[in-house]
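Using the hints provided, position chain Z relative to the given structure of chain H.
These protein sequence lines map, in sequence, to chains H and Z.
Quick note on numbering: the first sequence equals residues 1 to 252 in the numbering used here.
Quick note on numbering: the second sequence equals residues 1 to 283 in the numbering used here.
Treat the hints with care, as some may be off.
Said to hold, decoys possible - Distance condition first, Cα-Cα at most 25 angstroms in a straight line; then the derived DSS-like pairs of lysine-lysine: (1) H:Lys-103 with Z:Lys-10; (2) Z:Lys-198 with Z:Lys-234; (3) Z:Lys-232 with Z:Lys-219; (4) Z:Lys-86 with Z:Lys-31; (5) Z:Lys-222 with Z:Lys-251; (6) Z:Lys-234 with Z:Lys-257; (7) H:Lys-46 with Z:Lys-10; (8) Z:Lys-259 with Z:Lys-232; (9) H:Lys-34 with Z:Lys-10; (10) Z:Lys-218 with Z:Lys-244; (11) H:Lys-72 with Z:Lys-110; (12) Z:Lys-226 with Z:Lys-246.
Treat the hints as calculated values from the structure; they're not laboratory data.
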Amino acid sequence: MILSLKNIFTEIGETSLFAKKFFKEVFVPPYETKEFLRQCYVIGYKSLPLVAITGFIMGLVLTLQSRPTLVKFGAESWLPGMVALSLIREIAPVITALICAGKISSGIGAELGSMKVTEQIDAMEVAAINPYNYLVVTRVLACTLMVPILVFFADAIGIIGGYVGINIHGDVNFYRYLTQIIQSLEFLDLFPATIKTFFFGFCIGIIGCFKGFNASNGTESVGQAANSAVVTASLSIFIIDMVAVQITDLFF
Amino acid sequence: MEKQSGYTWKLGMFVTIGLLLFIMAVYFIGKQQNLFGSTFHITSQFKNVSGLEVGNNVRFSGINVGTVEEIKLINDSSVVVVLVMKEDVRKFIKTDARASIGSDGLMGDKVLTISPGLKSQKIIEDNGQLASIDGIEMADLMKSVKKSVDNVGVISEELAIFSHSMNNGNGALARLVRDDKMANSVSNTLSNLESGTKGFSDNMEAAKSNFLFRGYFKKKEKEKEKKKEELKEKKEEQQEKAAKEKEQKEKELKEQKEKEEKEKQKQEEAKKAEAEKKKSGQK
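Bound conformation, chain H alone (with noise of 0.2 angstroms):
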């Protein structure tokens, strides 16, 4: 019991040295430019059918599930509101971040697990390349910028999702939905939940290099490295935005 609790901590204290490091080399040349581009282009472009997808169904589905407690209380003309309030604030951002850590997490930690179980990575030092600098400082910020922007994506095509499901029942123009929704939005709906994305991005992305750069030797590490990412990462998470919406509701 206090062995595994002191494992625990042990991994929390050697995460946070290991994101300290990332912050000490992120500004320390050579900056891997392109490997950077090349991590983007697959953290952000390709996950983006999936968030897309995601995002369409969860404003379908948030849409039609909400419909028939507003009706109730005759407020149906505040559903297209309640709905982007909801996605914006709370469901986009988590549900992109959770598919994140499920397909970028993992993939890191199966990647970096695999180059470090074939020690590629200490054949990497002794090449006199840095190998933190190269594997870890690329993904980690790639991933810090690219899930906010597949947070906007989400929400937009969210809203898109839930303009569907208004009109599977009524009739809705498209125009004067968008009005409803502007309407009922403020900037703290928009910042609070756009800042706490950047947070969600960095730690998938630590959590998953932290894991892979970890992996014991032998193959079935890397299996482990790649599982216990993506259950970390989504831990993790909904702590970050449970202490997120915390502080946000502490000052506004």
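Okay, now just chain Z, sitting in the frame of chain H:
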């Protein structure tokens, strides 16, 4: 290098569209709150803002033209509300316009409404002050509602007492409504009255035909009428009126008949006279 250009444009497009979406969202939300474009400020002083909040809409002729920017207390009985409005509508808001606080629907947010004035032609200045109309407070509304509900309570109580006495009491009206005997006796009295008036009018006729007794009968008639009125007063007014009307009609009819009879008598007399003349002529 070729391989890189294969994905770079896709990445560029992805990032551009993503950021564009974000910027559009920021722009439209900002536009909603009048952060962009030219604006002007108006202040207005209220006793009570009844829950108005920063960010609520300002309406002029039912159109959203601005938002509430600041609400501050200046002393214990007055609140200053600062409004941000679109510059476009400034030319329509004159110095004698008035601000009032209302509610957007039953459950909706509070709305600050600016209603146009009547006389002034002077456009309001930036940072100018508008007069305010204090809104109806729910508590005041409830007070007047309570008053009328209390009155309704008193009325219904009295109505209950009335209907109870109608159903159970022995008053004249109650018995008239409930009792068959009473109703019969009333109708009997009425028919008696009718025959009585007929007899009386016969007497009248007799009295009128006899000039010696004319004065006497006139006195008696008056006395009888008085007596009748006393009788009638015991009954309902409507019945009295009906009886009077009938009496009058009968009188009129009889007078007419009398006149006719007199005319006939005259005619007959005239005929007789003519006949006598003829007879005397023949003789």
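Hints violated by the structure (listed by number, smallest first): Of the numbered hints, 6, 8 do not hold.
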